[in-house]
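Visitor: Which chain is which? The protein sequence lines are A and B, in order.
Counting from 0, one number per residue, gives the positions in the first sequence under numbering that gives the first Met the number 0.
Counting from 0, one number per residue, gives the positions in the second sequence under numbering that gives the first Met the number 0.
Since the hints were derived computationally from the structure, they do not count as laboratory data.
Be careful, since some hints might not be right.
Put simply, identical chains are the same to the list, so a pair is met inside one copy or across any two.
To be verified - With a cut-off of at most 30 Å between alpha-carbon atoms, the simulated BS3-like pairs for lysine-lysine come out as follows:
{"no.": "1", "residue 1": "233", "residue 2": "207"}
{"no.": "2", "residue 1": "233", "residue 2": "265"}
{"no.": "3", "residue 1": "207", "residue 2": "90"}
{"no.": "4", "residue 1": "207", "residue 2": "86"}
{"no.": "5", "residue 1": "113", "residue 2": "233"}
{"no.": "6", "residue 1": "90", "residue 2": "265"}
{"no.": "7", "residue 1": "265", "residue 2": "207"}
{"no.": "8", "residue 1": "86", "residue 2": "20"}
{"no.": "9", "residue 1": "113", "residue 2": "207"}
{"no.": "10", "residue 1": "156", "residue 2": "20"}
{"no.": "11", "residue 1": "20", "residue 2": "265"}
The structure presented is a predicted model; accordingly, all values stated were derived computationally and were not measured.
Number of protein chains: 2
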Amino acid sequence: MLIIAERINATRTSIREALQKRDSEFFIQEALQQAEAGAHFIDLNAGTEASREVEDLKWLVEIVQDEVNVPLCLDSANDRALEEALKIYNKDEVMINSFTAEDERIRALLPIVKETNAQVIGLAMGEGGIPQSVEDRMRLVALLVEAVERYDVPQEKLLIDPLVVPVGTDQNQGRLFLETLTAIPREYPPLRTVCGLSNISFGMPNRKLMNRAFMGLCIGHGLHAAIIDPLDRKLLSVMYSSEALMGRDEFCMGYLTAFREGRLEK
Amino acid sequence: MLIIAERINATRTSIREALQKRDSEFFIQEALQQAEAGAHFIDLNAGTEASREVEDLKWLVEIVQDEVNVPLCLDSANDRALEEALKIYNKDEVMINSFTAEDERIRALLPIVKETNAQVIGLAMGEGGIPQSVEDRMRLVALLVEAVERYDVPQEKLLIDPLVVPVGTDQNQGRLFLETLTAIPREYPPLRTVCGLSNISFGMPNRKLMNRAFMGLCIGHGLHAAIIDPLDRKLLSVMYSSEALMGRDEFCMGYLTAFREGRLEK
């Protein structure tokens, strides 16, 4: 499982405050802890205030990039913020989070993806929002695939997020999501899938329990990458055990190592 | 999920000792606690000593059957123990655990199953032991289905246990089991599937964590019934949340009720 570490996200109050204070030590610790916990990418989201986001994202990249050995995932809906941040980014590998099947977004973002050889997350969402069936989502996946091909970006660089809709609003949403997860690599073998888990439990009690269970189900349906908090020990325990059980962890070495390092819950 | 409560099993030392002492109060409490925790069947296994098993199983049935409102699952490899216990059993519904695709076992057990209108667990195991591919297991499922049809027992009464082999002996065993789980009702829609989970983690550290993760994966692959300890709060929490996420819990009412009753972990 490719872990995209989600903690540095300025839609969270504590992160926004530290960002406003330019508390570089705070962000260095956040990044180091997440890398230590097994993150493969550190996601940086500088928030949604258009007036500040370009400068804030650039500052975050500058602070974090030289402190960790893992690449960054630049997370913004603002094309200019991504473009400016990429200009100062100094590692080979990078991920961009995210584009959608909307023309404007495709035209703005995919030339940058091509130029920087980035991996990119594509959301299965178009002008009409999030579709309500596997077939309709697969139609959007087809649009995302066409888009990357038009810009000569290989399918291997694309991670599809089929978009999680809360199961509390419609009890079929979990199943619909999981069926889409398995349909994507069946139809397009080079594609990988990714998601943030926590939206599934929106509106329900005991959300963390439900998010953990959803992690297991997603691994059981082939999820390749997850945008998660790698410091969540219980969540990571479900990840390690489910991957071992699905034969995705050679000789169960990942599970056994996590156990020996005391990183699994009982 | 149909819960077959496993605690009263004389292969466990504490149960064997209580059985030798004829400690009826102990067994009544064990049965009541499991029924209260949501068991749909209380499994009774009186151990494997041929000389004692007939009397021991009869005694257990007598002690337990009038104390709980749920039916019993009579669990023995000894045909005579099952036959004698069924003679004194006084509820309408009963489950028999288990028969295999071996001729001798089929001939001994299925007439009793037919006569008592029992539900019956069939193990996907034949004269040659546990087969190592989905196809070979499905061949054994076909033999089990032929067997029940030969004795005029409807397929709806048969629960197939595809048999869990520890993932520590072969990392593909989890996936193989899960693929068999989905293949069974696809090929034989009236059949249900059942398993004991805990064998999956044999030889691994932190077994309970792995068993819980396997519960989630099994629900994600359509498991209908599980032989479990319903007093295991963490395991049941995974069960409730995974069923809600798979759309198997209408309006998530089972999950929400378990939450309100304080039966879910955080």
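Visitor: Name the hints, by number, that the structure is in violation of.
Guide: Of the numbered hints, 3, 4, 5, 6, 9, 10 and 11 do not hold.
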